[in-house]
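Let's have the full structure, built from the sequences with the hints guiding it.
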Amino acid sequence: MAPSFIHIRDLRKRYGSYTALHGIDLDIAEGEVVCVIGPSGSGKSTLIRCINLLEEFEPGSTVILDGTPVKRGRALEKVRAEVGMVFQSFNLFPHLTVLRNVMLAPMRVRGLDARQAEGRARELLARVGIEGQADKYPGKLSGGQQQRVAIARALAMEPKVMLFDEPTSALDPEMVGEVLDVMRLLARSGVTMVVVTHEMGFARQVADRVIFMDGGRVVEEGTPSQIFDAAREERTRNFLGAVLNH
Amino acid sequence: MDILDTFFNVPVLIRTYPLLLWGLWVTIQIGVVSIVAGLVLGLFLALARLYAHPFVRGMARVYIDVLRSIPILVLLIVIYYALPFLGLRLSPFMSAVAALSLVSAAYTAEIFRAGIEAIPLGQFEASRALGLSPRHLMVDVVLPQAIRIVIPPLTNNCINVMKDTALASVVAMPDLLKQATQAQALTANPSPLIGAALIYIALLWPLVGMVSRLERRFAQADR
Ligand SMILES: Nc1ncnc2c1ncn2[C@@H]1O[C@H](COP(=O)(O)OP(=O)(O)OP(=O)(O)O)[C@@H](O)[C@H]1O
Ligand SMILES: [Mg+2]
Numbered sequence: 001m002a003p004s005f006i007h008i009r010d011l012r013k014r015y016g017s018y019t020a021l022h023g024i025d026l027d028i029a030e031g032e033v034v035c036v037i038g039p040s041g042s043g044k045s046t047l048i049r050c051i052n053l054l055e056e057f058e059p060g061s062t063v064i065l066d067g068t069p070v071k072r073g074r075a076l077e078k079v080r081a082e083v084g085m086v087f088q089s090f091n092l093f094p095h096l097t098v099l100r101n102v103m104l105a106p107m108r109v110r111g112l113d114a115r116q117a118e119g120r121a122r123e124l125l126a127r128v129g130i131e132g133q134a135d136k137y138p139g140k141l142s143g144g145q146q147q148r149v150a151i152a153r154a155l156a157m158e159p160k161v162m163l164f165d166e167p168t169s170a171l172d173p174e175m176v177g178e179v180l181d182v183m184r185l186l187a188r189s190g191v192t193m194v195v196v197t198h199e200m201g202f203a204r205q206v207a208d209r210v211i212f213m214d215g216g217r218v219v220e221e222g223t224p225s226q227i228f229d230a231a232r233e234e235r236t237r238n239f240l241g242a243v244l245n246h
Numbered sequence: 001m002d003i004l005d006t007f008f009n010v011p012v013l014i015r016t017y018p019l020l021l022w023g024l025w026v027t028i029q030i031g032v033v034s035i036v037a038g039l040v041l042g043l044f045l046a047l048a049r050l051y052a053h054p055f056v057r058g059m060a061r062v063y064i065d066v067l068r069s070i071p072i073l074v075l076l077i078v079i080y081y082a083l084p085f086l087g088l089r090l091s092p093f094m095s096a097v098a099a100l101s102l103v104s105a106a107y108t109a110e111i112f113r114a115g116i117e118a119i120p121l122g123q124f125e126a127s128r129a130l131g132l133s134p135r136h137l138m139v140d141v142v143l144p145q146a147i148r149i150v151i152p153p154l155t156n157n158c159i160n161v162m163k164d165t166a167l168a169s170v171v172a173m174p175d176l177l178k179q180a181t182q183a184q185a186l187t188a189n190p191s192p193l194i195g196a197a198l199i200y201i202a203l204l205w206p207l208v209g210m211v212s213r214l215e216r217r218f219a220q221a222d223r
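If you read the protein sequences in the order shown, they are chains X and Y.
Just so it is clear: in the first sequence, position 155 is 155 by the UniProt record's numbering, and no numbers are missing.
Just so it is clear: in the second sequence, position 129 is 129 by the UniProt record's numbering, and no numbers are missing.
Hints are not guaranteed to be accurate.
To be verified - Here's a subset of chain Y near chain X, in silico, CB distances under 10 angstroms, partners left out: (1) GLY122; (2) GLN123; (3) GLU125; (4) ALA126; (5) SER127; (6) ARG128; (7) GLY131; (8) PRO134; (9) ASP140; (10) PRO144; (11) ARG148.
Unchecked claim - Label-pair restraints from in silico Cβ distances: (12) Y/SER133 with X/SER40: 27 to 37 angstroms; (13) X/ARG188 with Y/PHE218: 43 to 53 angstroms; (14) X/THR62 with Y/LEU86: 54 to 64 angstroms; (15) Y/PHE218 with X/SER142: 43 to 53 angstroms; (16) Y/LEU86 with X/TYR137: 25 to 35 angstroms; (17) X/GLY177 with Y/THR155: 14 to 24 angstroms; (18) X/GLU30 with Y/ARG216: 48 to 58 angstroms; (19) X/THR62 with Y/SER133: 19 to 29 angstroms; (20) Y/PRO54 with X/THR62: 25 to 35 angstroms.
Derived by calculation from the structure, the hints in this document are not laboratory data.
For every residue, glycine included, the Cβ atom is placed at its ideal position computed from N, Cα and C.
Here's what the structure looks like:
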């Protein structure tokens, strides 16, 4: 049997003597939207950061993306180029205009010329609803706008999968909606997505599958209604009770 | 009147200013070549100190610490008077440039390192996540941001190098100070030395002012 689109086996990660991930197994299909939820420190960020090797995992663990093993070495930058990532803190390049932020990697990594890269960038900025801000610097934009630029920047590489690490957690409440709207659009257009989020409404509505993590393990996974309405595990129910009732 | 005749003797100054200007030109040549060489070497040292193989990293660190500990005058004399015993004979110009740029590189490396380390981790992670190579990460993302941070301390370092060019006079380099002392001997009057001092000040005062302005501007931009 061919391995799945994203194939993760026995993914373990230690920080010194502390074990952040205790052997995660996960298969994600092309076009699937997976939301990862769980308490602080449960290893959600660590899990998705292992997919593009921002964190180095333990030997013996396997991460395969569309047939290509994710590991250190010459192919690492190639694999990373296939994985888009959106961070909680945006991490836009402050010395470049919005347009240049989106154009940089396609030019440097994919070898597009400036005209092609600009065309693609403008298209994507329109798609996330900020074509009017193309020539501004990121510092002049609101948080919600910055995060949408960050999404466009990642999409410009035409990645096979988009990773989101709490993309709305640093935003003022009134800006959360505009970013989630863009993500909803992406999910509908068939982009494979792994989303770490505390937005349970979004997870319920958009996810094909929800994964609940605790203590560096996947405790439970299932469709949104299996998790949110009929969790089997006590820990899942406790967590959801705490976040949904506050 | 007496003091003016002794320290600011106009006829003496008029007679010796071509010598002083020639010395100034030599001083500028030594300074500029040393500054440029120090910048290039310093950038590579900083990158080695941060990212190279641990052994190379250690070597870079030892180099930086040793060169910051040694008086430039001692280094210059070692280069000019001791290296010939190893068969390496450098001209006075090359000796001065070597001493100044080797030391300047050590300071420059520390300035670049601080500048690079001041860039938030998120910038590195975003670049890596996009698949940028380490070279593009540096050239397109990190260094353009670090340069704003390092310009004031680098300018300060340039001022120090220009001042230290005066040490070249001990290896018979006809720089501004050397010319001034010779002119003094020639005319039996110290006015050329005062003239040289004024030329140093005229040369470096604008740079000193620039550092203050840059520091103020970047401090404001940070907010
Ligand atoms: N660089 C690091 N060094 C040491 N420990 C770390 C490091 N990064 C993460 N950890 C630890 O690993 C565990 C998992 O961290 P992780 O960031 O993956 O949690 P998380 O589920 O994303 O939490 P949060 O919801 O707070 O973002 C935590 O206990 C954290 O303290
Ligand atoms: Mg996290």
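Looking back at the hints listed earlier, which ones does the structure fail to meet?
-> Those not satisfied are hints 15, 16 and 17.
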